[in-house]
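Participant: Each chain, written out:
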Amino acid sequence: MVCDICHKNSATVHLTEIVSGKVAEMHICQTCAKSKATELKEQLSISDFLGGLVNIDDVEKEIETSLKCPLCGLTYNDFRKKGRLGCAQCYTTFRQQLMPLLKKIHGSTQHIGKSPVPANAKTPLETELKELRVRLERAVQLEEYEDAARLRDSIKTLEIKIKG
Amino acid sequence: MFEDFLTNKQNWLNGKGPYSEIVFSSRIRLARNIAQYPFPSRATLHQKEAILKELGEAYAKVRGLKKSVFVRMEDVEELDRQFLLERHLISQEHTQSPKGKGLIVSSDESTALMINEEDHLRMQVITSGFDLNSSWQALSAIDNELSKLMSFAFLPEIGYLTVCPTNVGTSLRVSCMLHLPALVLTRRINKILEFLTRISFTTRGLFGEGTQALGDFFQISNQVSLGHSESELLADLTSVVNQVREQEIDARSVLLKKHKLNLEDNVWRALGILQNSRLIGSKEALSHLSMLSLGLDLGIITHVLRETINGLFVLIQPAHLQKQEGRTLKEGERDYIRAEILRKNLTA
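Listed in order, the protein sequences are those of chains U and P.
Numbered by the numbering used here, the letters in the first sequence go through residues 1 to 164 in order.
Numbered by the numbering used here, the letters in the second sequence go through residues 1 to 348 in order.
Isolated chain P, as found in the complex:
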């Protein structure tokens, strides 16, 4: 299942889009609940099935979801669920206890609707680069069409009702995945993270909630969802991301000015390891890929494509290795296959 995704060149991993050298991807999320059903955690399996049926019929009528498929999570194998998680199309929670859960995903992977996750509907649009507005337009249009087909839990006073009170109101979560290797190298990152928390923004790692900042990736998102309109929330995050981006650009120029030779050495060594190793763990590979990506941005290396590097960040994840090999891999075997895939992609 989802084999086409492996060779997809149009998705959020293609390294295109504005400012993509630092802003890897942009994501917009909305949460919705259908008024007449209890929220998923209090709903019976029968009720969840009814919700799946309702959405399975509704999505076909929505223009923005024309090229999408609807699947029941229990029909998706465990490996494929992990694969979808690594592609940022579903959450960790959605990979577990699949009964009564569903997914609607577009063929270009830009749009994904999780059914019966924490809320009845968790809808996202994800794009490559720094492009929040067009993602918002797309997601809002889907939301509008769906809201004509079913009645969403909503109170004029406090907005859309969600399972967790932290999502009430717009239920909007706007986030950008930023690659900040120079801020990490110059040790400026902690101050920035502290500052972001103080002004009510959340930072997470590459794979969302509770994950470490692997490969120097930081996901910045809004914390507050009530009392500010969607356009305000979009504008606020845009301005914060721009500021962090400028800080990263500044740190990069400091590195180039003061530590050019060290930087070049690090980048070429990273490439050397990735092109030659026979066994490599995911953490080590991510950190070298991060260095390679920085080297590409700064013109230290020129013969590797951005698309290739961005793709590799995900292709070397466990489920992706197994999908590419077409079989289950033991843990030791994975390091071998990972090294092989890296060599194949980075040696022209």
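Chain U on its own, in the form it takes in the complex:
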């Protein structure tokens, strides 16, 4: 195999580069590999340099600690200290932070089970079925297959209930 860069020497180094999600394979010779390595090092040091200026983790942390529920005034910091939320709105305000936590505690982020009965409810079973179908679709989209399987079972049971 001939080198992809100089097209002269035989290729002994095989390089896989992933740029913006695209995979490119290169087969190059020793000499070209050396100059490629220097190039890569330079790229790395630039990102290191940028990284030193702006630590992305710090920015996220700062955003997190300044998060505050507009309704009850609870800050994300308060929540981290006490593990208790202040109002229903907190779940929306801190959604991004809470979802991974819920996954950790419960092994799931998808409610399965009863929902409040609206004052004018007529066929709660059918409403439940409709909701379950929507959630199944979501679970499949999110590739939460365990949840999806459970939802599918619940849908089947409910369908039998409604028909029978």
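Honestly, the hints are just simulated from the structure, not real lab data.
As the structure is a prediction and not an experimental result, all values here were calculated from the model.
Beta carbons are placed, not taken as given, at the ideal position from N, Cα and C, and that holds for glycine.
Don't take every hint at face value.
Derived CB-CB ranges, DEER-like [what the hints assert, rightly or not]: (1) U/Met99 with P/Lys53: 34 to 40 Å; (2) U/Lys156 with P/Arg306: 38 to 44 Å; (3) P/Gln324 with U/Leu125: 28 to 34 Å; (4) P/Asn262 with U/Arg80: 52 to 58 Å; (5) P/Ser239 with U/Lys82: 18 to 24 Å.
For chain U, the structure is supplied; the task is to place chain P on it using the hints.
Facilitator: Leaving out everything else, chain P in the frame of chain U:
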């Protein structure tokens, strides 16, 4: 207040219900919050009062709460709050700082709704023996009726919203109080407790969170509340409780086969102490009552009623002693009254 409860024969202490020789009681709990108010810890007293008013009016319209009373905790004396705690009708937290807190409790003590505890509503149904399904039906019906009268904090994605993220989703806590003296005597209990924790079940003592396993009682409940339907959670706990129950039955037969004489001796000694002592502490009394209960299950003693023993587990608690005597008792006095009550109930 609540004097009728002392002579109540229909409650969860009567020793009836399926498998009651090992499964003392079954309890179902749901947590709910009313959408438009901040949770109790962030609510003003004014807002808590509004919640009390709303629920005080709503409960009268709920069929499952017809024979219930509504009380403000600040109108309940400290001794009575302790009394309700010992009867498992309110939590430790609900006995403290009573302002803005309330309770709805049915006359048979099967149903209790704490208002403005950790969540706006903590509702429970508790029955004697191993009976989760009928308790669930009863509680779910109450929940449905209430949800037509007020709007509960709920997101379709993650279910009912609660103060603590560990209760989100169904907010369902299913628990059974198991009496496991043979597993304790044969020292098998630790392995079982370890196993339960590993498969995400919690075990607690006789009086809930943070209490020791007094009198060989263990309360087993689910840990997870999101991602599983209520019926799944009920079925899971049922199967776990059945397994533990079978382990206890096995340990009992081992004791009978290998240590019959020792066991009989322990049971009769326990009865002897309970029938004769003049001063007895709560811990000692509980451990002898536990032995007595085992003796009754295994046919070693036959002349004491299950109902009597189950009742005594609670009747010898501090607030119950004082309610029965109708006055405040000093600590030393309690041991005397406790011994007297035990003698009176166990000597026919």
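Participant: With reference to the structure, classify each hint as holding or not holding.
Facilitator: Comparing the hints with the structure gives:
1. U/Met99 with P/Lys53: 34 to 40 Å: 35 Å, holds
2. U/Lys156 with P/Arg306: 38 to 44 Å: About 43 Å separates the Cβ atoms of U/Lys156 and P/Arg306, which means 38 to 44 Å holds.
3. P/Gln324 with U/Leu125: 28 to 34 Å: 49 Å, violated
4. P/Asn262 with U/Arg80: 52 to 58 Å: About 53 Å separates the Cβ atoms of P/Asn262 and U/Arg80, which means 52 to 58 Å holds.
5. P/Ser239 with U/Lys82: 18 to 24 Å: 35 Å, violated
Checked against the numbered hints listed earlier, the structure breaks hints 3 and 5; every other hint is satisfied.
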